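Each chain, written out:
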Amino acid sequence: MTKIAMNVNGKAVSREVPDNTLLVEYIREHLRLTGTHVGCDTSQCGACVVHVDGKAMKSCTMLAAAAEGATVTTVEGLAASKDELHPMQIAFKDNHGLQCGFCTPGMIMSATDMVERYQAEGKELTEEAIRHELEGNICRCTGYHNIVKSIQDGASKMTNA
Amino acid sequence: MYTTKYHKASDAANAASLLSGAQDGKILAGGQTLVPTMKQRLAAPSDLVDISGIDALRGITVTARKKLGVLKAKDGATITIGAATTHAEVAGNADLAKACPVICGLAGEIGDPAVRHRGTIGGSVANNDPAADYPAALMALGATITTNQRSISADDFFTGLFATALNDGEIITEISFQAPAEGGYGKFPSPASRYAMVGVFAAKSIDGDVRVAVTGAGDDGVFRHAGLEAALASNWSADAVSGVDVSADGLMSDIHGNAAYRANLIGVMAKKAVSA
Ligand SMILES: Cc1cc2nc3c(=O)[nH]c(=O)nc-3n(C[C@H](O)[C@H](O)[C@H](O)COP(=O)(O)OP(=O)(O)OC[C@H]3O[C@@H](n4cnc5c(N)ncnc54)[C@H](O)[C@@H]3O)c2cc1C
Ligand code: FES
Ligand code: FES
Numbered sequence: 001m002t003k004i005a006m007n008v009n010g011k012a013v014s015r016e017v018p019d020n021t022l023l024v025e026y027i028r029e030h031l032r033l034t035g036t037h038v039g040c041d042t043s044q045c046g047a048c049v050v051h052v053d054g055k056a057m058k059s060c061t062m063l064a065a066a067a068e069g070a071t072v073t074t075v076e077g078l079a080a081s082k083d084e085l086h087p088m089q090i091a092f093k094d095n096h097g098l099q100c101g102f103c104t105p106g107m108i109m110s111a112t113d114m115v116e117r118y119q120a121e122g123k124e125l126t127e128e129a130i131r132h133e134l135e136g137n138i139c140r141c142t143g144y145h146n147i148v149k150s151i152q153d154g155a156s157k158m159t160n161a
Numbered sequence: 001m002y003t004t005k006y007h008k009a010s011d012a013a014n015a016a017s018l019l020s021g022a023q024d025g026k027i028l029a030g031g032q033t034l035v036p037t038m039k040q041r042l043a044a045p046s047d048l049v050d051i052s053g054i055d056a057l058r059g060i061t062v063t064a065r066k067k068l069g070v071l072k073a074k075d076g077a078t079i080t081i082g083a084a085t086t087h088a089e090v091a092g093n094a095d096l097a098k099a100c101p102v103i104c105g106l107a108g109e110i111g112d113p114a115v116r117h118r119g120t121i122g123g124s125v126a127n128n129d130p131a132a133d134y135p136a137a138l139m140a141l142g143a144t145i146t147t148n149q150r151s152i153s154a155d156d157f158f159t160g161l162f163a164t165a166l167n168d169g170e171i172i173t174e175i176s177f178q179a180p181a182e183g184g185y186g187k188f189p190s191p192a193s194r195y196a197m198v199g200v201f202a203a204k205s206i207d208g209d210v211r212v213a214v215t216g217a218g219d220d221g222v223f224r225h226a227g228l229e230a231a232l233a234s235n236w237s238a239d240a241v242s243g244v245d246v247s248a249d250g251l252m253s254d255i256h257g258n259a260a261y262r263a264n265l266i267g268v269m270a271k272k273a274v275s276a
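Going line by line, the protein sequences match chains A and B. The opening position of the first sequence corresponds to residue 1 in my numbering, with each subsequent residue numbered one higher. The opening position of the second sequence corresponds to residue 1 in my numbering, with each subsequent residue numbered one higher.
Simulated from the structure, these hints should not be mistaken for lab results. Only a predicted model underlies this, so the values are computations on that prediction, with no experimental measurement involved. Hints should not be assumed to be uniformly reliable.
[Stated by the list, open to error] The calculated label-pair distances, taken between Cβ atoms and stated as ranges, are:
1. A:A120 x B:D249: 41 to 51 angstroms
2. B:D95 x A:K11: 36 to 46 angstroms
3. B:N14 x A:E16: 21 to 31 angstroms
Even for Gly, the Cβ is constructed at its ideal location relative to N, Cα and C.
Next comes chain B alone, as it looks inside the complex (with noise of 0.2 angstroms):
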């Protein structure tokens, strides 16, 4: 690993200046990306920015939308996950596992219990892995990302392999979004490295629209499958699936398999999110 100078930062506002302050800082949070980017020697920032230990950027919180009564999926509820909160937390918390169980479950489903310990949602929506988990799930969430400097919506938030609308210096203190009626992730994980092949998120909202993302699979990062979600959009189910037909352009092809091998798993795994 290169030289490196490690600050840690006390709020949102003091990493801001200490990146500002920085000849090419980078935000350092679960370092379960970064690090091991660095080891490899290719990422060489001079600063390291560590806001993993701010509390303001850490922590759920699920506003229910009817006051009264026992927390429900079906009932919708406001959900804000701050950027710095591990998947370990995220998988863990008990009101999320009522509001929006899916959420849990895509969480405790990321790499391994060591990773999750450390690992973040605001790193790995900033990273934008293309066969990150998070990616689908936000944009099919319809999530809103909020930033030290505004809001962007998941559709214009992700654009491209491992890129971002985020601005140099940019960084990412919350995400929100409402918790699905219906919502469902299904991943067929890579068996050497855990991270989805294809993995898709299909979410019906309590006003009953559908929004169907997919990650692992696209040539350009995740996207929203048009097809599958005017299917489940009048039928959520299995069967509704069964009746898209999933083309191959614009997949990715590589060691793990080819862009047909890809086309035909989003089908399973779309069928696995609406079965679950």
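Chain A extracted, bound-state conformation (with noise of 0.2 angstroms):
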């Protein structure tokens, strides 16, 4: 056991763990923030993506140890209170981004991270890029065409908000 702290969506959090608990056993099971998802053994799905760091990454493929000290934010963190939703989250409520819901949390935090990446390099974030930037997420609902639109528009917003 260990004690590991970081900052999760503002708090500063403290746990006493094993030392193989994984992030997103850290965040669900002994933060019981559960919008962070588990969709696979295979490091494949994404449903698990957080932003440690400010960068997007599999939860379930790193230790809680290994995030000692960091900042993440995980979906519930990601709107600027609790009685808002973050322009991305907004766009994907608006272009009907998901159906189950099970992939949508790290979705989003894929999206929002993909957007804020391409801005902070100039680079235009096109159809085409939404696509290839979305390899590590899987959704076996949607057929993929309502997220690229949502993060599409959720790119808008979040440039205008």
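Take the two lone chains and join them into the complex the hints point to.
Shown next as structure tokens:
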């Protein structure tokens, strides 16, 4: 057991957990933030994506101990306040970017990460780029079209926000 | 996952001593291979020594041969990449993009964005997955793998499926190579895993030496292809590749494709590599 402290969604948290605790277990089972999902055992589906120090990472493929001292954002912490949605969440709602919703938290965390990266590099986030960027996020319902549309809309909402 | 003891190493020497003090310790870098393997209980290290936070093992330096003027691929440059440098850092490095764009492109096609944010070049090289991308690049570029004990040439380093020349407890600290005059990588990614079904890295050094390495296809891991090297040395073009007979001997057959299919793909990917 080791005491692991980090900042999650703007709050300092600390828990005593076994060394083999995955970051996703720390988030879901110890912090009880169940918006971050687990959809596979092979690091391929992306349902577990969170931001660690501002970068999208698969929380199922990382030990909580490796995130000691890090700043973590989960889907619960994306919006500015409890009563609001983040522009990307609004875009998914407006564009019917989900069906069962299981993949959605990971899709939204990957989406905001890609928009921020492309903006920082001054590159255009084309439809083709979005599809390529979604390599690590699997959706078994939508067929991706509306997810891509949502991200395009979310990107412009984030720029104008 | 079996229980394990986690340690954060402060530098390479500290990592080495933590490893030697452990019963069955393993280096943890990005964890993009080791964590899934541990989750499936295919690995059960007693201790994990995390090197991902060691600043001295991270970063990219590009030293141009010519001191004057703008950095251009054709002028030659010595490139050094720290073992704990992530795929995303390699893909996005501006100096590297000028001196050796092919390596940025290769890193930017590994897995997906989240994998690239954590996975490292040292981890990829140490793991030597027969379908990984970096081993082909390092072999074709004639790279040197530096550890906390010695320097090893890429030709001697990759010894078979998931096998390398690394001793127990030996830690890769950096990878270095000369930027090639010409270089290209053709990859046919598996639609499911994104690993290479076949990847061909072709490089022509500043001195005109041509080296071609193939990943994803060999029964015994990454290998150099003498026929393609000879053809491209006399004529660096896709046409030259057409004249090479790529044998299916020693190639992998699996659920994704048989050896003959992979032999054909080697030619197709080699053409892509030199046309890039
Ligand atoms: C979904 C997915 C898709 C992927 N797709 C690709 C792909 O298309 N192409 C590709 O090439 N790879 C792919 N990978 C693998 C990825 O590139 C890994 O990051 C890489 O193979 C291992 O690097 P790591 O830093 O994560 O190493 P880790 O998982 O931390 O370690 C891997 C092994 O290397 C050892 N090790 C790590 N660093 C060192 C060091 N400095 N010295 C000595 N030993 C060390 C560890 O002990 C361990 O045995 C993929 C992975 C995933 C999860
Ligand atoms: S749960 Fe993390 S990638 Fe599937
Ligand atoms: S909406 Fe059901 S998995 Fe994507």
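(message) Quick check: does the Cβ-Cβ distance between N14 (chain B) and E16 (chain A) fall within 21 to 31 angstroms?
(response) Between N14 (chain B) and E16 (chain A), where Cβ atoms are some 25 angstroms apart, the hint holds.
(message) Is 36 to 46 angstroms respected by the C-beta to C-beta distance linking D95 (chain B) and K11 (chain A)?
(response) holds (39 angstroms)
(message) Does the beta carbon distance between A120 (chain A) and D249 (chain B) stay inside 41 to 51 angstroms, or does it fall outside?
(response) For D249 (chain B) against A120 (chain A), whose Cβ atoms are near 48 angstroms apart, the range 41 to 51 angstroms holds.
Every hint from the earlier list agrees with this structure, and none is contradicted.
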